[in-house]
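Peer 1: Kindly generate the complete structure, drawing on both the sequences and the hints.
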Amino acid sequence: MPTDSPPAALPEVRPADLAAHPIALNTVSGTTTMGLWPPTARPVRTMEVTNTDEWLIAIAAGRAVGISTTATPGNHAHPSLIHRPLVDAPRVPVVLAWRPGPVHPAVPDLLALAHEVVAAGRA
1 MPTDSPPAAL
11 PEVRPADLAA
21 HPIALNTVSG
31 TTTMGLWPPT
41 ARPVRTMEVT
51 NTDEWLIAIA
61 AGRAVGISTT
71 ATPGNHAHPS
81 LIHRPLVDAP
91 RVPVVLAWRP
101 GPVHPAVPDL
111 LALAHEVVAA
121 GRA
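If you're matching positions, the sequence shown starts at 1 in the working numbering and goes up one per residue.
Just so you know, the hints here were simulated from the structure itself, not pulled from any lab data.
The C-beta atom is built at its ideal place from N, Cα and C for all residues, glycine as well.
One or more of the hints may lead you astray.
What the hints assert, rightly or not - Ranges of calculated distance between the beta carbons of each label pair, as one might list FRET restraints:
#	residue 1	residue 2	range
1	104	79	33 to 39 Å
2	35	11	24 to 30 Å
3	105	50	32 to 38 Å
4	63	109	39 to 45 Å
5	20	69	19 to 25 Å
6	63	110	35 to 41 Å
Peer 2: Next up, the structure:
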């Protein structure tokens, strides 16, 4: 969310804390849907964007707030944004997939690491 937005002062947020604000939705590759809110308490307005850069710019400009995974702050830092943990929201599923046939020689190592992370409860 923008660093100067009211929810930025909270140590953690819930979807309900954001419902009064426009929500930026990446309709191409985003994971946020209106299903995060009960039908009677959905955000008053949404703003559709088509990529992560548009999503970040809309939020940094104060036009909306956004919900994303924990990977976003590490991959897309922006000085005008602050990230807060979102509680009371479902986890985002992660799927590993590849085409049949020859694979990169590191795929077995990747699979082993993925199993290790899931088994350790870090996913």
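Peer 1: List in ascending order the numbers of the hints, as given earlier, that are violated by the structure.
Peer 2: Those not satisfied: there are none.
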